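**Student:** Listed here are the chains, written in short residue letters.
There are 2 protein chains.
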Amino acid sequence: MAHPAPDNSKRATFLRRSASTLGLWALVSAAFASRLAWAYVGLVAILAIIATLEYFRMLKGAGVKCFPRFGMLLAAVYSGVLYWMLLGAPGAAGIGMVGADGSATTRVVNPDAGVPFWFDGAAFFLAIAGPFILQLRHPIRGLEPLHAVAANLLGFVYIAFLFNFAARVVFAVPGTGEVPGGMLLLWLLAVTKFTDMGAYITGSLIGRRKMIPHVSPGKTWEGFGGAIFFALLAGGGLYALCKDDMPNFATGLHVLGGWPQVIVLSIVMALLAVIGDLAESVVKRSLGAKDSGTMLPGIGGSLDLIDSLCFTAPALYFYLKWMTP
Amino acid sequence: MAHPAPDNSKRATFLRRSASTLGLWALVSAAFASRLAWAYVGLVAILAIIATLEYFRMLKGAGVKCFPRFGMLLAAVYSGVLYWMLLGAPGAAGIGMVGADGSATTRVVNPDAGVPFWFDGAAFFLAIAGPFILQLRHPIRGLEPLHAVAANLLGFVYIAFLFNFAARVVFAVPGTGEVPGGMLLLWLLAVTKFTDMGAYITGSLIGRRKMIPHVSPGKTWEGFGGAIFFALLAGGGLYALCKDDMPNFATGLHVLGGWPQVIVLSIVMALLAVIGDLAESVVKRSLGAKDSGTMLPGIGGSLDLIDSLCFTAPALYFYLKWMTP
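Taken in order, these protein sequences are the chains called C and P.
Its first residue numbered 1, the first sequence is counted upward by one per residue in the working numbering.
Its first residue numbered 1, the second sequence is counted upward by one per residue in the working numbering.
Treat the hints with caution; some may be incorrect.
You can't tell identical chains apart in this list, so a pair holds if it fits in one copy or across any two.
[Claimed, not checked] Think about it this way: if two alpha-carbon atoms lie no more than 20 Å apart in a straight line, the pair counts; the simulated SDA-like pairs of lysine to any residue are:
no. : residue 1 : residue 2
1   : LYS290    : LEU143
2   : LYS60     : ASP291
3   : LYS290    : ARG11
4   : LYS290    : ARG16
5   : LYS290    : ILE50
6   : LYS290    : GLU144
7   : LYS210    : LEU136
8   : LYS290    : ILE140
9   : LYS60     : GLY142
10  : LYS60     : PRO217
11  : LYS60     : ALA123
12  : LYS321    : LEU126
These are computed hints drawn from the structure, not numbers from a lab.
All of these numbers come straight from a predicted model, not from anything done at the bench.
Just chain C, same shape as in the assembly (with noise of 0.2 Å):
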């Protein structure tokens, strides 16, 4: 087990990704106040097409052959023609919230309607062969075919397909209530994100047996009971206070309704925070690459930003929609 990093460079990192963080909330909560859906939906449109360029980026500095200019028209035309349709669908737009005159126009009625299965099917499709097509120009050189099919299509559902659902779930729920899919959305950003923090706070204050030093040197112990910890009390607080806004949680699983509910999804959601914080760990390391970019400084780059989420945002999803056929 290493000694952990000099106290200097860690309180440095600390500050700088503190007011990072400080600002993305700022600029969430902003997106998320105007009630408007575009500018939220847009955002998340942003940070999946930067992470996606991140990404290529990344192959590219590796001499990872690929098909980047493909990979970014996918991923750009798949989060376009998703938003359209998200918006479009009726009464998307304010988020699934009721309007100041409580107009039902502004509520979420048909959830998903806008989003039928064939386009993301037919996503998946040219995922596939977009590559293997303009693979067949290039001659065959040992394992490198294979491997530019397959790192175009990872790229593909790692960031595009399952980022985005951090939009979908937004249009997961009917909207009978007040803001079903604005507060579902707002508990997930809530626990993800405390996760991470919990685990780095908790980690850099009191952090000293190394859980995964071949994958994240940064990571102990002690910081993934704070993750679990931190998780919990975003989780159960924020159903806590706005429980009437969240019926979802309330009628959810016979077996698990409520509070039962809300704990075992919140040790859930923060197991997979973790996980998809480990994942772009090992795309990094594999890639021989420290920060997935630098756009935001003590974070790094779009996908170190929302690395977790690409794992608890389409899990949140799937279970809403298991749990409300």
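Following the hints, put chain P in place on chain C, whose structure we already have.
**Tutor:** Leaving out everything else, chain P in the frame of chain C:
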């Protein structure tokens, strides 16, 4: 341009391949004539699982790090649950055919009702999260972890996801006519396999100009022409004979109803069949394998058999879904 291979070996392969093809058509016809959905769907399942096994064997043979046990498990569970959902959908039994007694229960009344989007979405999520989690226990050796995760994902999407559309096509359309799903499937199989056969027969007999020697040395432009011709023959012929059983083709797009639609669709399917065949050649060449397996004399393995269907079946399914909202 290289000379064609010696006539003798060409003729032997031709005969072996023809025998295997006839045997397979007999099997498909038997499964189809049985009018039992599980017989047909079971055939698709077996082929999908064997093809996945072949894929991971080829990866292992080429020394590519991957997670074959997880890959096999995911493909098997995904296929199993998918079929259970498809067969459990209202009126799915009998592949959408009306029973001898004309009972409505054997009609597909609610297509795809049993397969919600979260099911496929969650499968994709697991196809990424699973390999990442398994990878955490292994050391990070250069690009190996990224390629391992990506190769596992490719195996799932390319085979288990794409080929299973050969089963989903049957349940894709509402059962207003007599045998809509059944006829569409027959049409798909006929066009795809006539493309393969047309390319092979024409190429074997008069093929001279190599099409893409670095990927598939046997392919010729004459064979490509024959592929399009045979696809039009099969697609147009079947439509002419069974027009009344294919209401979906007659009431298609406003601009492309009936014959123009069948002709365009036959050509598109032929192109996709050829690309699907070439894509599998890229995989095999890249992994240094001649055939994906040895199950079928003259054809090779299961993946060699289904490679074109992996591209034509999903495309037809998405087209049908997009056409009939």
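**Student:** How would you classify LYS290 and LEU143 at a CA-CA limit of 20 Å: within, between, both, or neither?
**Tutor:** Intra 26 Å, inter 15 Å, cutoff 20 Å: inter-copy only.
**Student:** Given identical chains, is LYS60 near GLY142, meaning Cα to Cα at most 20 Å, within a copy, between copies, both, or neither?
**Tutor:** Intra 18 Å, inter 14 Å, cutoff 20 Å: intra and inter.
**Student:** For LYS290 vs ARG11, is the C-alpha pair at or below 20 Å within one copy, between two copies, both, or neither?
**Tutor:** For LYS290 and ARG11, only the intra-copy Cα distance (18 Å) is at most 20 Å; the inter-copy one is 57 Å.
**Student:** Checking an output row: LYS290 and ILE140, CA cutoff 20 Å. Within, between, both or neither?
**Tutor:** between (31 Å within a copy, 14 Å between copies)
**Student:** With 20 Å as the alpha-carbon cut-off, assign the pair LYS210 and LEU136 to within, between, both or neither.
**Tutor:** between (46 Å within a copy, 14 Å between copies)
**Student:** Between LYS321 and LEU126, at a C-alpha cutoff of 20 Å, which is it: within one copy, between copies, both, or neither?
**Tutor:** Between. Shortest inter-copy distance 16 Å satisfies the 20 Å Cα cut-off; intra-copy 26 Å does not.
**Student:** Up to 20 Å between alpha-carbons, please classify LYS290 paired with ARG16: within, between, both or neither.
**Tutor:** For LYS290 and ARG16, the Cα distance is within 20 Å only inside one copy (16 Å; across copies 55 Å).
**Student:** With identical chains, the pair LYS60 and ALA123 could be close in the same copy or across copies; at 20 Å between alpha carbons, which is it: within, between, both, or neither?
**Tutor:** Neither way: LYS60 and ALA123 sit 23 Å apart in one copy and 29 Å across, limit 20 Å.
**Student:** Should LYS60 paired with ASP291 be assigned to within, between, both, or neither, using CA atoms and 20 Å as the limit?
**Tutor:** within (15 Å within a copy, 32 Å between copies)
**Student:** Which holds for LYS60 with PRO217 at a C-alpha limit of 20 Å: within a copy, between copies, both or neither?
**Tutor:** Neither. Shortest intra-copy (25 Å) and inter-copy (31 Å) distances fail the 20 Å Cα cut-off.
**Student:** Reference check for the pair LYS290 and GLU144, CA-CA at most 20 Å: within, between, both, or neither?
**Tutor:** between (24 Å within a copy, 17 Å between copies)
**Student:** At most 20 Å between CA atoms: does that hold for LYS290 and ILE50 within a copy, between copies, both, or neither?
**Tutor:** Cα proximity of LYS290 and ILE50: one copy only (17 Å, versus 40 Å across).
Of the numbered hints stated above, those contradicted by the structure are hints 10 and 11, listed in ascending order.
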